[in-house]
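Quick note on this note's numbering: the sequence shown kicks off at 1 and runs consecutively.
Just so you know, nobody snuck in bad clues.
Subject to a maximum C-alpha distance of 27 Å in a straight line, what follows is the list of computed DSSO-like cross-link-like pairs (lysine-lysine): (1) K117 / K132; (2) K113 / K165; (3) K6 / K113; (4) K113 / K137; (5) K12 / K183.
Okay, the calculated beta carbon distance ranges per label pair: (6) E27 / V139: 16 to 22 Å; (7) C148 / D184: 27 to 33 Å; (8) D184 / L230: 26 to 32 Å; (9) V52 / C148: 16 to 22 Å; (10) S189 / A149: 24 to 30 Å; (11) M1 / S182: 33 to 39 Å.
Hints listed in this document are in silico derivations from the structure and should not be mistaken for laboratory results.
Built from N, CA and C at the ideal position, the CB exists for glycine as well.
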Amino acid sequence: MAAIQKLYEVCKVSLFEKGPSSPEAVENVRAVLDMITPSDVGLECEAQAVRVWRRPRALSRKTVLHSSPAIRYRHIYECKSFSIGIYCIPASSIIPLHNHPGMTVLSKLLYGKVHVKAYDWIDIDEPGNLSKVRPAKVVRHGEISAPCAAMVLRPTDGGNVHALKAITPCAILDILSPPYSSKDGRHCSYFRRRPKSDQSGILWDRTRESEFVLLEEYQPRDNFVIRRDLYTGPTLEL
1 MAAIQKLYEV CKVSLFEKGP SSPEAVENVR AVLDMITPSD VGLECEAQAV
51 RVWRRPRALS RKTVLHSSPA IRYRHIYECK SFSIGIYCIP ASSIIPLHNH
101 PGMTVLSKLL YGKVHVKAYD WIDIDEPGNL SKVRPAKVVR HGEISAPCAA
151 MVLRPTDGGN VHALKAITPC AILDILSPPY SSKDGRHCSY FRRRPKSDQS
201 GILWDRTRES EFVLLEEYQP RDNFVIRRDL YTGPTLEL
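Kindly produce the complete structure, drawing on both the sequences and the hints.
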């Protein structure tokens, strides 16, 4: 059985419309996901190119790049319970800070190196004006390189709000359970940091101020685009 077929089969019995059936189900999916390699999903040539990749001189300087290859998404499968797909991200490209409301996410870096900054929301007694700004704590801030274990983002912990910056060209295999669905209230929103000096109406213990940031929703620039790309790996038997 092809590795991607095995991943689909374990997702089918472990993931449902309300998410994973249990913590054990998540671990079952992660165990299979950890075994996936670039060649299992039609990305061996891209992975080989990254192994000998050298940072272009233009990227070594602190210059603004006015154009770069687009981030691409290779769709593999989606149903009401889960989706499987691959993000192929060029070097220096960024997926801005975004959320996964009510969703469990399993992410496997297939090749390359990426910087991840991830937050969890902080529950507060005084909600203030949460429609504009919310406090969050940093749970991950650093680089990861393939090969590595899959990351798990849960609805309320593990870094459900995160941003990605490709250090080298990279590819990330994502499983979302359940997938994004605006009609079901699972809309992807983007966020940015807001200075704590702003008057937000939120009260906090100033002795713990350095442990969190304030995030506000915003619309990314028009030049942030994720394009659909053709999946070239083994076909799933549904």
